[in-house]
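**Student:** If you're matching them up, the sequences are chains G and Z in order.
Just so we're aligned: the first sequence equals residues 1 to 601 in this note's numbering.
Just so we're aligned: the second sequence equals residues 1 to 601 in this note's numbering.
I should point out that these hints are in silico values taken from the structure, not numbers from a laboratory.
Where hints are given, some of them may not hold.
Stated by the list, open to error - Within a straight-line C-alpha distance of at most 20 Å, the following computed SDA-like cross-link-like pairs (lysine to any residue) qualify: (1) G:123 - Z:411; (2) G:102 - Z:101; (3) G:123 - Z:288; (4) Z:123 - G:531; (5) Z:253 - Z:288; (6) G:123 - Z:534; (7) G:123 - Z:528; (8) Z:469 - G:538; (9) G:74 - G:123; (10) G:514 - Z:101; (11) G:102 - Z:30; (12) G:61 - Z:508; (13) Z:61 - G:531; (14) Z:102 - G:511; (15) Z:102 - G:123; (16) Z:514 - G:359; (17) Z:260 - Z:538; (18) Z:411 - Z:472; (19) G:102 - Z:288; (20) Z:30 - Z:70; (21) G:469 - Z:101; (22) Z:469 - G:531; (23) G:123 - Z:61; (24) Z:123 - G:322.
Stated by the list, open to error - Selected chain G positions facing chain Z (Cβ under 10 Å, derived; list incomplete): (25) 68; (26) 72; (27) 122; (28) 155; (29) 425.
Virtual Cβ for every residue (Gly too), placed ideally from N, Cα, C.
There are 2 protein chains.
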Amino acid sequence: MYRTHNCGELREQHINAPVTLAGWVQTVRKFGSITFVDLRDRYGITQLYFNEALTQQLDEKPLGREFVIQAEGKVIERTSKNAKIATGNIEIEVSAYTVLNKSSVPPFTIEEETDGGEELRMKYRYLDLRRPTLQRNLELRYRVNRSVRNYMDAQGFYDIETPFLIKSTPEGARDFIVPSRMNGGQFYALPQSPQTFKQLLMVSGYDRYYQIVKCFRDEDLRADRQPEFTQIDCEMAFVEQEDILNMFEGLTKHVFRDVKGMEFATAFPRMTWSEAMKRYGNDKPDIRFGMELKELKTPAGALDEHDESLDLVGGAAFKVMDDAEYVVAIAAPGCSEYTRKQLDELTDWVKRPQIGMTGLMYVKCNADGSLKSSVDKFYDEARLRVWADQCAAQPGDLILVLAGPAERTRKAMSELRLEMGNKLGLRKRDEYKPLWVIDFPLLEFAENNDDGGGAGRWVARHHPFTAPKPDQISWMQDPARYPYIKANAYDLVLNGTEVGGGSIRIYQRDLQLKMFEALGIDEHEAQEKFGFLLGAFEYGAPPHGGLALGFDRLCALLGGDETIRDYIAFPKNNSGRDVMLDAPSAVNPVQLDELQLKIVE
Amino acid sequence: MYRTHNCGELREQHINAPVTLAGWVQTVRKFGSITFVDLRDRYGITQLYFNEALTQQLDEKPLGREFVIQAEGKVIERTSKNAKIATGNIEIEVSAYTVLNKSSVPPFTIEEETDGGEELRMKYRYLDLRRPTLQRNLELRYRVNRSVRNYMDAQGFYDIETPFLIKSTPEGARDFIVPSRMNGGQFYALPQSPQTFKQLLMVSGYDRYYQIVKCFRDEDLRADRQPEFTQIDCEMAFVEQEDILNMFEGLTKHVFRDVKGMEFATAFPRMTWSEAMKRYGNDKPDIRFGMELKELKTPAGALDEHDESLDLVGGAAFKVMDDAEYVVAIAAPGCSEYTRKQLDELTDWVKRPQIGMTGLMYVKCNADGSLKSSVDKFYDEARLRVWADQCAAQPGDLILVLAGPAERTRKAMSELRLEMGNKLGLRKRDEYKPLWVIDFPLLEFAENNDDGGGAGRWVARHHPFTAPKPDQISWMQDPARYPYIKANAYDLVLNGTEVGGGSIRIYQRDLQLKMFEALGIDEHEAQEKFGFLLGAFEYGAPPHGGLALGFDRLCALLGGDETIRDYIAFPKNNSGRDVMLDAPSAVNPVQLDELQLKIVE
């Protein structure tokens, strides 16, 4: 036996007990003829006391940082206690020690605040993983996992495994493919989600299914995207949207309670997709702060069939405004005294390519009630007052105005709002504001085909199994005429991050075929690609729906961080390589040849 | 809301309650002017009663098998109760019903004993999965999952995810490879196990790790092998073999208690690999019955360095025996009166190619104490008596004798023993006999290289990270001279099935290099292939070891079955295709080309 106790559990009640500990040397501190060693493991740190004789032994058998040792001795009371650590009232009077393994000097310090840069820490991930931050993060990830499972279990969900080696589906452009030696020239695909399998499980009567499961996408790695990611994947039969929202609101509350001791006192607010786009310019609004978007000019029917046109900027012979499809404003509180320099910086910020605006207008709402704008040449104070009223601006606010094409301008203002939120410290790390965004559009127009060319086409916004709003089914026949058609689809948004999303599914064969038709997939093609699902729908498919939550994102949010990488033990780096194993690797051409890959060149 | 209750929960206490149920129509039974419908879901079956008026409605809106319906009504007491089902005391007096989805007539009956053949049931797996047997199996699988997690959690293990897209390792011959679009011409591999990652987690100080995780092998599908399979994967730091055996004996007992309400009263017996091979001819002996192998002739040092030579068959001028390297017998109880025909059948059985023997000898131990053999020509009764004594044979036993090359003959006798065990009903489905097999060989000689040719070489029997017995380390330098070298490696065997295996790992860089050397891998190659692990060993790797249990096999064993396929929701069929999605599929050559696969032909 290597140890009688771990490094985090000894207390005053153990005084005089003979113990053996094992762990890593955190520090060695010599004071004259005696030595103190901090011994570390996952559970904590315990101080070892080496007397004069043992300190002499240390000269022959020295200890260094990260050495792995075993130490025998007796628990004694510490003379100078350390209230900062749980074992701080005791120490071990060492009688003998063994070096189990030496360590070279680590390339960076294994401490909360390390001196190692990002790249170095990624290269030596096994050392970075020893740091308290990473240890806490992986423990948190495990606790979230447990908490989710306990809730799902109590709610009668079965964890049912679905295959990883599957047939490629039409979203195939992003599929990883896996050649099979046993089926020469043929390939599996890795699943982007267990979507079809969980629907089949509902058809098979499993009623409530969940998995915490890896999914795969062969995409470029944007910030916080990994080619493999983990999903809390769920499906329920005989449910309506309301049942699902309640179930997973319950899950979210349960996990926050378990892992952070935090209560959400009230029900999560709900907002339609149209409203979210209108008020925040974004389908995943950060509602920790207000500063909502206020339209000054908009065409009719921009987001849904109820949308009316508005124009509070016309008639001033100002070409920028007259040409603009869409004009939108926010009122930044307490910013009316922004300097020229600050305003120029903001203007540069919106002109960056990733934002793409040509300029920024402003109206200062001075403390004395007067208004002063960058467009005074065109608009008198009465007109500016109309804008200020529209924004419910207060004296001291700075109204920022963007004008341009609707989609781009809305997105730009959404970004500007978040940027102002950051500047003003309104996006607090320890504040959590969940939101259900509902009634997502069923379809969206893709300008290009998957191969990057072509005339564009209507695609499923969520996926082709999502049910349209029952009273809008007839609109599916002509999406160009009825682009507003909405689905029973919903996202769970937390602090501006999309944590998860789902939908009520189509469960009738006829409606599914109608959906494929709207997507330009005829019955023959549908049969070929989705025959198994259409087949299953012939034998009594129940109404069903589900949700998938991004496990990596949820963990990072619970940890109060924006990057998921610190919550994954072995993430990929920015080029998709494993942080340590340096995958992917080149494969020997001979080995490929054995796989009988046939390529027509 | 689709239902107020499920189909398994209504009881007498609910009588008079208004309820709404939803589910599948199991049966429709018309009696004159009224009708009874059994409604089924995951939770049970509830009888619906349709009165005269509603029975008339059924003519216009008929119900058939597997229709999905919703029924409103009132709970009433049944006049003829059904004690066989939990809801058998009540029924629902239906006031209205809705057909949610129709069903074609299923291709086989959705019942315990179905009329559907294997192939048909695989094709319509979503219907097969509705059968009570499969529903029970998948529920059992889920309960095993929960039970394992609860134990591991209580023991302080963290569930830590390891990557699926990794660098190919030297066992690479069996790796599935995954081309990456983002890294043209390069490939990931799918892990055969998280072995290296879990060792790195030990180096990182996570102390106790587990996962229930998919693993992948691109191999031919023998009975009960799937290209993707699920493993309970564990690793512990600062442990010796004893700690690991105790921990996982505890897990096994816990799961059997949870899932089957079964107690193993005593500690699991342990047997060295050498002893298992000697007594059962097999490293995963089924110890539910005796009929142990008794050697009549064996060379010295067949299995370990203590093995002495023996010859109880020589000096009779019987060439078969004199030429044989190895002669072994079993005594089949109560079989002394086997007929000529039965004996011929057994002889044919051992002559089958997969057994590969040239013949079978026997000695009948008659009830009167006399002996009668098929080799009377060569051996007198005194000599046969020696064999009978060696076998501790009783009157009424039939001694079966095989002679030939040691390895093949031992294996053949092991198979013959199991066959006789089957014939005699000694392998009981509901009896569980666990066994630890320990002290496995460190190395084994592979006759061929991976590519099927070459001169053969020494390979790691478990894997190259397994620690040799400390007192045998020096033998590693010359495996040809010391083939007996044993490892701290162990298997958990249950009823003749290897449920899991593991080992104490090497954690010192020098010893790991020595191991690679024994396997013919020089330091340069080792650095290239395992640099990350050797690197990690430089920074304070703790002693560690672990175990992996076959989750699919464990579930099948707990269910009392031999085939794992009925415990996996969506297994592959014999040619590796998904039972429903018919994966793998052919990939468009153009798509492959986009992946920039380079093949030298």
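**Student:** Hint by hint, note whether the structure agrees.
**Tutor:** Checked hints:
no. : hint          : result
1   : G:123 - Z:411 : 48 Å, violated
2   : G:102 - Z:101 : 68 Å, violated
3   : G:123 - Z:288 : 51 Å, violated
4   : Z:123 - G:531 : 12 Å, holds
5   : Z:253 - Z:288 : 17 Å, holds
6   : G:123 - Z:534 : 14 Å, holds
7   : G:123 - Z:528 : 15 Å, holds
8   : Z:469 - G:538 : 61 Å, violated
9   : G:74 - G:123  : 39 Å, violated
10  : G:514 - Z:101 : 17 Å, holds
11  : G:102 - Z:30  : 81 Å, violated
12  : G:61 - Z:508  : 18 Å, holds
13  : Z:61 - G:531  : 28 Å, violated
14  : Z:102 - G:511 : 14 Å, holds
15  : Z:102 - G:123 : 58 Å, violated
16  : Z:514 - G:359 : 68 Å, violated
17  : Z:260 - Z:538 : 46 Å, violated
18  : Z:411 - Z:472 : 27 Å, violated
19  : G:102 - Z:288 : 47 Å, violated
20  : Z:30 - Z:70   : 19 Å, holds
21  : G:469 - Z:101 : 18 Å, holds
22  : Z:469 - G:531 : 56 Å, violated
23  : G:123 - Z:61  : 68 Å, violated
24  : Z:123 - G:322 : 63 Å, violated
25  : 68            : 5 Å, holds
26  : 72            : 14 Å, violated
27  : 122           : 12 Å, violated
28  : 155           : 13 Å, violated
29  : 425           : 34 Å, violated
When each numbered hint is compared with the structure, violations occur for hints 1, 2, 3, 8, 9, 11, 13, 15, 16, 17, 18, 19, 22, 23, 24, 26, 27, 28 and 29.
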